[in-house]
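Please work from the sequences and hints to get the whole structure.
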Amino acid sequence: MAKMHVKMTVNGREVEGLAEPRMLLIHFLREELDLTGPHIGCDTSHCGACTVDLNGKSVKSCTMFVAQANGAEVVTIEGIARPDGSLHPLQEAFRQHHGLQCGFCTPGMITRAWRFLQDNPAPSEEEIRFGISGNLCRCTGYQNIVKAIDAAAVEMAPKKEAAE
Amino acid sequence: MIPASFDYHRPTKISEAVALLGDLGAEARVVAGGHSLIPMMKLRLAAPEHLIDLQDIAELKGVREEGNSIVIGAMTTEAEMIASRFIARNCPILREAVLQIADPQVRNVGTVGGNVANGDPGNDLPAVMQALDAVYVLSGKASREVRARDFYKAAYVTALKENEILTQVRVPTPPKGHGYAYLKQKRKIGDYATAAAAVVLTVSGGRCSYAAVGLTNVADTPLYAAEASAALKDSSLDDAAVSAAVKAAEAIMQPAADGRGSAEFRTKVGGAMLRRAIAMARGRVA
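Sequence lines, in order, name chains A and B.
With the working numbering, the residue at position 6 of the first sequence is 6, and numbering never jumps.
Each position in the second sequence, counted from 1, maps to that position plus 1000 in the working numbering.
The hints are simulated quantities; they were obtained by calculation from the structure and are not laboratory data.
Be a bit skeptical, because a hint or two may be false.
As the list claims (entries may be wrong) - Below 16 Å or equal to it, Euclidean Cα-Cα: the simulated EDC-like pairs (lysine to aspartate or glutamate) are:
{"#": "1", "chain 1": "A", "residue 1": "K7", "chain 2": "A", "residue 2": "E20"}
{"#": "2", "chain 1": "B", "residue 1": "K1013", "chain 2": "B", "residue 2": "E1059"}
{"#": "3", "chain 1": "B", "residue 1": "K1268", "chain 2": "B", "residue 2": "E1250"}
{"#": "4", "chain 1": "A", "residue 1": "K3", "chain 2": "B", "residue 2": "D1007"}
{"#": "5", "chain 1": "B", "residue 1": "K1247", "chain 2": "B", "residue 2": "D1220"}
{"#": "6", "chain 1": "A", "residue 1": "K3", "chain 2": "B", "residue 2": "E1049"}
{"#": "7", "chain 1": "B", "residue 1": "K1061", "chain 2": "B", "residue 2": "E1049"}
{"#": "8", "chain 1": "A", "residue 1": "K57", "chain 2": "B", "residue 2": "E1080"}
{"#": "9", "chain 1": "A", "residue 1": "K3", "chain 2": "A", "residue 2": "E14"}
{"#": "10", "chain 1": "A", "residue 1": "K57", "chain 2": "A", "residue 2": "E31"}
{"#": "11", "chain 1": "B", "residue 1": "K1042", "chain 2": "A", "residue 2": "D43"}
{"#": "12", "chain 1": "B", "residue 1": "K1141", "chain 2": "B", "residue 2": "E1065"}
{"#": "13", "chain 1": "B", "residue 1": "K1176", "chain 2": "B", "residue 2": "E1065"}
{"#": "14", "chain 1": "B", "residue 1": "K1161", "chain 2": "B", "residue 2": "E1264"}
{"#": "15", "chain 1": "B", "residue 1": "K1042", "chain 2": "A", "residue 2": "E16"}
Spelled out as structure tokens, the structure:
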């Protein structure tokens, strides 16, 4: 079948390519754009390792055709660190709180948490757990992931002016 | 997993989508959020030659009030349903049910229309729509309406014809102060129900003046439990009436034995969900 011209903004950069409509977004990101941060875990939309941000919402890029994402604005884990290369507070918090062991789920987990904290900057523990319920981790038991997201939320909160 | 090849179409009007579907015939499928269709395509259980993506059709999006109905555009996402204050205020069972579908990422793309049109007995909204006595608008060359209670024929078999698209769900606005509950037993977030029950009822002067029960994933279609609903109506929702309703509901359940349990277990879970949903709905009557 004919390839189609695909154009999208990925991590702030305009990208174009030719792709078969049936190509999955995750394959386009990993194989055409060399963005191998988002992972293919279950390949069935359960595990969330492939989570990317699409037009301001977390989505599972293994269950979306590149054709559907044509024209979209996409952010992957590669777009989350600061431009100078220093870690985003969420990434730093995952490091500080041991929010990962093998690390396979981490890009999806952080990309999801990054959007979640923009939607809900001061979440309760329960809200964090519900917010990341589309991301599976087989190592940590989630405790430290939840702690890391909570710590990042505190770190990112607007600082109150010291003393009256 | 790589699906079979297809040609991709992205119309911007319902009429265009319907025309495409008419021209391309049986080899075309419409895609909404794609979270039922794409996994099927990856497994090559579905291999449409043409995919008609509905995402750019603005007239299919959003929720609005029209007289005594809540009109939900088919492409309204589940996340948008959760965020809608109008839904929370006027038809809270929809919000309660949608919060139990899949997970946040899936709800960001999954749509109301896809959930009800697909005909998967595991989907949560069909039984809720049956309890609410919603009507589906099906658009082909002409438009017609089919009640949710008449729409589902067998697993993945519905009243929708090949050249039609489900474009709207019209829910009669439940009366103020009605009681409601959608209770779902599932093994984990993202799983289909072991069994789930939707209850909508009204109480007036201590008696149940209206009751409707829908059941999810306990047969090859969602079930509107007419006898169970009748057992509640005109009762004081006492133990005897509730037990009669549960018994009537269990009598029409025919769940498959699967990883969620034996048929007998899933039937009992269905009964338990219904018993609790009735109590919860009654407690919410204002």
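Comparing the hints with the structure gives:
1. A distance of roughly 13 Å separates the Cα atoms of K7 (chain A) and E20 (chain A); the hinted pair therefore holds under the 16 Å criterion.
2. Distance check on the hinted pair: K1013 (chain B) and E1059 (chain B) sit about 7 Å apart at the alpha-carbon level, within 16 Å; holds.
3. A C-alpha spacing of about 7 Å is found between K1268 (chain B) and E1250 (chain B), which places the hinted pair at or below 16 Å, so the restraint holds.
4. Only pairs whose Cα atoms come within 16 Å are accepted, and K3 (chain A) paired with D1007 (chain B) is accepted, the gap being roughly 9 Å.
5. Restraint check for K1247 (chain B) and D1220 (chain B): the C-alpha separation of about 19 Å exceeds 16 Å, so the hint is violated.
6. Of the supplied pair hints, the one linking K3 (chain A) and E1049 (chain B) holds, its CA atoms being roughly 14 Å apart against a limit of 16 Å.
7. Straight-line distance between C-alpha atoms of K1061 (chain B) and E1049 (chain B) comes to about 26 Å, which puts the hinted pair past the 16 Å bound.
8. Pair hint K57 (chain A) plus E1080 (chain B) holds up; C-alpha atoms about 11 Å apart against a cutoff of 16 Å.
9. Annotation: proposed proximity of K3 (chain A) to E14 (chain A) is violated, straight-line Cα distance about 19 Å (limit 16 Å).
10. Only pairs whose Cα atoms come within 16 Å are accepted, and K57 (chain A) paired with E31 (chain A) is rejected, the gap being roughly 23 Å.
11. For the given pair, K1042 (chain B) sits about 9 Å from D43 (chain A) by alpha-carbon distance, which is consistent with the 16 Å threshold.
12. Between K1141 (chain B) and E1065 (chain B) the CA atoms are separated by roughly 26 Å; this puts the pair beyond 16 Å, and the hint is violated.
13. This hinted pair checks out: K1176 (chain B) and E1065 (chain B) have alpha carbons roughly 15 Å apart, not beyond 16 Å.
14. With a C-alpha separation of about 35 Å, the suggested pair K1161 (chain B) and E1264 (chain B) falls outside the 16 Å cut-off, and the hint is violated.
15. Taking the CA atoms of K1042 (chain B) and E16 (chain A), the gap is near 25 Å; set against the 16 Å cutoff, the hint is violated.
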